[in-house]
Amino acid sequence: MKKTLKVTFGTMLAVSMVTPAYAQNFLGETDFLNNLSVFVEGNYTKPSNNGLSVGDLLVTPSAGGLDGWRRQVFLNPENEWDYALGFTYRYCGDSRLILRYDHYDASDDTTNIDIRNIGFAPAPDTAGYAIVQENQHEWLLGLAHSLGFDQGFNLDLMAFLAQDKLDVSLQETQTQFVANQGGGVFAHYHRTTENTMEGFGPGLGAMAQVYPFRCMQNWGFFAGGRTALLYARNSYQQSFYENNSVTPAFYVYDPEDSHSIVTKLDISFGLNYHCGFRHDLGGAMFDIALGMRYMNMFNVLKNGNAAYNPPNGFAGIANFAANTGWPQDWGRFGPFLTFRFGGANA
Amino acid sequence: MKKALKVTFGTMLAASMVAPAYATGNDFLNHSAVYVEGTYYRPSNNGLSVGDQLVAPSITAGQFGAPILDGWRRADFLNPENTYDYALGYSYHIPRSPTRVFLRYEHFDDDTAIGGVDAVDFRNIGTEPGYPNYPNVGPVGGTMENAKLHESLSEFKVGLSRELQFTPKFGVELLGFLENDRLSVSLSESMFGTIYTSTVPQDLSRDTDGKMTGFGPGIGAVGKIYPFSRCPQWAFFAGGTTTLLYANNEYQQSYYQTQAGVSGGGVVNPVFYVYDPEDSHSLVGKVDISFGVNYHYRFMHDVYGAVFDLTLGLRYMNIINAMKNGDTAYNPFIANFAANTGWPQDWGLFGPFLRFRLGGRDA
Chain A
1 MKKTLKVTFG
11 TMLAVSMVTP
21 AYAQNFLGET
31 DFLNNLSVFV
41 EGNYTKPSNN
51 GLSVGDLLVT
61 PSAGGLDGWR
71 RQVFLNPENE
81 WDYALGFTYR
91 YCGDSRLILR
101 YDHYDASDDT
111 TNIDIRNIGF
121 APAPDTAGYA
131 IVQENQHEWL
141 LGLAHSLGFD
151 QGFNLDLMAF
161 LAQDKLDVSL
171 QETQTQFVAN
181 QGGGVFAHYH
191 RTTENTMEGF
201 GPGLGAMAQV
211 YPFRCMQNWG
221 FFAGGRTALL
231 YARNSYQQSF
241 YENNSVTPAF
251 YVYDPEDSHS
261 IVTKLDISFG
271 LNYHCGFRHD
281 LGGAMFDIAL
291 GMRYMNMFNV
301 LKNGNAAYNP
311 PNGFAGIANF
321 AANTGWPQDW
331 GRFGPFLTFR
341 FGGANA
Chain B
347 MKKALKVTFG
357 TMLAASMVAP
367 AYATGNDFLN
377 HSAVYVEGTY
387 YRPSNNGLSV
397 GDQLVAPSIT
407 AGQFGAPILD
417 GWRRADFLNP
427 ENTYDYALGY
437 SYHIPRSPTR
447 VFLRYEHFDD
457 DTAIGGVDAV
467 DFRNIGTEPG
477 YPNYPNVGPV
487 GGTMENAKLH
497 ESLSEFKVGL
507 SRELQFTPKF
517 GVELLGFLEN
527 DRLSVSLSES
537 MFGTIYTSTV
547 PQDLSRDTDG
557 KMTGFGPGIG
567 AVGKIYPFSR
577 CPQWAFFAGG
587 TTTLLYANNE
597 YQQSYYQTQA
607 GVSGGGVVNP
617 VFYVYDPEDS
627 HSLVGKVDIS
637 FGVNYHYRFM
647 HDVYGAVFDL
657 TLGLRYMNII
667 NAMKNGDTAY
677 NPFIANFAAN
687 TGWPQDWGLF
697 GPFLRFRLGG
707 RDA
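If you're matching them up, the sequences are chains A and B in order.
Its first residue numbered 1, the first sequence is counted upward by one per residue in the working numbering.
Its first residue numbered 347, the second sequence is counted upward by one per residue in the working numbering.
Think of the hints as simulated: they come from the structure by calculation, not from any bench.
Quick reminder that beta carbons are idealized off the backbone N, C-alpha and C, glycines included.
Some hints here could point you the wrong way.
Which bits of chain B does chain A cover? Going by a derived footprint, with three or more residues having C-beta under 8 Å, they are [stated by the list, open to error]:
| no. | region |
| --- | --- |
| 1 | 419-431 |
| 2 | 505-519 |
| 3 | 524-538 |
| 4 | 578-589 |
| 5 | 620-626 |
Straight-line distance between alpha carbons at most 35 Å, and here's what the computed DSBU-like set of lysine-lysine pairs gives [as the list claims (entries may be wrong)]:
| no. | chain 1 | residue 1 | chain 2 | residue 2 |
| --- | --- | --- | --- | --- |
| 6 | A | K46 | B | K515 |
| 7 | B | K494 | A | K165 |
| 8 | B | K557 | B | K494 |
| 9 | B | K494 | A | K46 |
Using C-beta positions, here's what the derived DEER-type ranges look like [to be verified]:
| no. | chain 1 | residue 1 | chain 2 | residue 2 | range |
| --- | --- | --- | --- | --- | --- |
| 10 | A | A121 | B | D455 | 33 to 41 Å |
| 11 | B | D625 | A | Q217 | 50 to 58 Å |
| 12 | A | G184 | B | S626 | 30 to 38 Å |
| 13 | A | C215 | B | S443 | 35 to 43 Å |
| 14 | A | I131 | B | C577 | 57 to 65 Å |
| 15 | B | D625 | A | T111 | 43 to 51 Å |
Work the whole structure out from these sequences, hints included.
The following block contains the structure:
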């Protein structure tokens with residue numbers, strides 16, 4: 001429902017921007033508005049989500065002290081509705097200025113009985129709860145240039161600056177009933193992992209459009225991609241508390257922020273319908289595009305970058321090595337529907 | 347200063363090649379151009395942590411049989427800064443064709459280090475330093491660390507480029523090339539002092555060498571816009587290349603520990619490990635993006651109409667999972683140190699560059 005409201009709000013926002021513009025255009029014929037278009041996009045994507053295991057369950061035990069048959073449990077967010085907004089301004093013939101904002105928000109949770117997680121093997125009557133929240137914002141400001149080779153084929157080249165903010169937050173709780181402590185008490189173990197990347201950098205792209213039907217030139221297919229290199233700042237913190245109401249035992253891994261360059265790849269393809277009003281609204285046009293998008297940022301989550309520091313012999317204290325995990329990709333994919341509305345020359 | 351000399355030397359080399367060329371007016375030389383580039387890049391350097399420091403201990407044991415935990419830890423990183431370096435190149439414009447043959451060599455070399463008072467009581471290379479600031483928690487040890495990182499990259503490209511001028515204000519240059527890259531990352535860590543498990547000062551050292559040598563094909567495109575009709579010498583450009591390298595990955599990590607003051611130091615019965623995995627091979631993807639502003643000038647009456655280009659730009663480059671770090675799996679058993687030598691890492695660099703290009707009339 002929240003997402004539906006977002007899309008509705010976005011659409012209303014776009015229409016509210018456009019309507020007065022074209023009304024004015026119709027009356028005043030301003031060049032600026034003739035070259036302007038706005039778009040709103042509803043998307044239904046899911047994260048590629050590699051690696052969010054939150055413990056394992058024992059299927060069959062083994063004799064001899066070995067681990068037996070274990071099954072890992074994963075958090076796996078499903079497709080979520082979200083939105084993107086933007087505008088384009090056409091200048092110098094076939095060039096356009098583009099501004100685009102894309103918002104994404106997803107979460108997933110799971111509850112399991114007798115799960116082994118956050119460094120603790122489960123005694124009977126252990127309940128585990130885990131929730132992941134993934135949030136991404138994309139800004140893109142760039143220039144596109146159209147190369148119309150013939151009536152049936154067009155190629156848009158693009159150069160842009162991109163800004164991305166990605167936040168993945170994981171919370172895990174284990175609650176265990178301990179019968180032999182004070183007539184029976186509940187022990188709580190809680191771990192929070194926060195992983196953030198903020199990146200800025202240049203990108204390039206190309207989008208090909210084919211209009212295969214001579215008798216229906218409004219219909220076209222498109223396929224293209226963008227790649228960006230982001231200079232990223234990676235933040236990470238992982239904290240663990242045991243029974244945080246009574247003098248807690250804890251660890252907190254709080255590495256320095258680190259910097260990296262992250263490669264981003266974004267591919268989309270689909271079907272496009274284009275229509276120009278011949279007599280109304282000053283010759284305004286609209287586009288509807290239905291497509292699929294695949295996006296991936298390579299090794300974007302650095303997970304603290306902390307190296308493996310196991311104790312040398314018995315060191316007593318360090319029972320948990322500050323190996324907070326290896327770098328991971330993050331991406332998302334799914335369908336989108338874009339409405340674009342613009343002036344006669346947009 | 348060393349880098350400044352390199353750039354100066356490169357410029358002189360380029361000038362010395364070009365000057366006699368344009369004096370002759372030779373057709374081959376008319377189609378040739380050379381350039382020298384001064385770069386000021388820094389590595390992206392994700393993943394070179396050199397230990398962690400204790401901020402606050404966790405002094406209470408788990409109430410329900412859990413062991414004492416690690417407390418609040420802060421990992422520290424080596425973080426190389428921008429450094430001056432250079433690139434050189436040559437191009438030949440094939441007569442009566444929009445195609446050029448080009449060669450390019452680029453050199454990058456960077457060092458960074460941490461030590462002394464900035465690296466006291468690190469937990470690193472498998473060793474806990476003790477707790478000099480928290481005597482009620484554990485043994486009062488104390489250590490000092492030195493860590494030094496050396497990174498170098500050599501790139502060599504040979505290929506063809508072709509210009510497509512769509513309008514007087516817009517053109518695209520397409521590139522196809524073969525590339526050879528050699529990347530070396532070397533980390534040297536040493537620690538001295540009283541560690542958690544010993545009352546006698548110890549010398550510990552660990553050296554880690556990772557290398558990637560790759561060869562493969564690449565493609566690219568650079569768009570150029572000439573926005574000012576009255577000043578067509580000025581242009582903005584943005585472009586990128588992508589390469590797939592068939593890479594040979596080498597890795598070695600060695601560790602030595604000796605008691606300080608023992609005659610012979612590391613020679614007498616040192617405790618050590620050396621992980622020396624076989625070389626491994628992989629395919630590595632590389633992305634390279636640059637953009638900036640270009641000034642183009644043609645001599646009307648001198649040096650046979652030679653052309654001169656000055657380019658100021660910004661470059662971003664990333665090689666995805668370039669460093670394989672031995673590719674060894676997690677094998678804990680007898681050893682108290684697992685042969686997990688790390689996970690794959692990207693390596694990249696970014697920063698500004700300034701290029702001088704001088705060529706013949708038809709270069």
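Against the structure, the hints come out as follows:
no.	hint	in the structure
1	419-431	holds (count 6)
2	505-519	holds (count 5)
3	524-538	violated (count 0)
4	578-589	holds (count 4)
5	620-626	violated (count 0)
6	A:K46 <-> B:K515	violated, 41 Å
7	B:K494 <-> A:K165	holds, 32 Å
8	B:K557 <-> B:K494	holds, 16 Å
9	B:K494 <-> A:K46	violated, 42 Å
10	A:A121 <-> B:D455: 33 to 41 Å	violated, 50 Å
11	B:D625 <-> A:Q217: 50 to 58 Å	holds, 57 Å
12	A:G184 <-> B:S626: 30 to 38 Å	violated, 54 Å
13	A:C215 <-> B:S443: 35 to 43 Å	holds, 40 Å
14	A:I131 <-> B:C577: 57 to 65 Å	holds, 58 Å
15	B:D625 <-> A:T111: 43 to 51 Å	holds, 47 Å
Against the hints set out earlier in the document, violations occur for numbers 3, 5, 6, 9, 10, 12.
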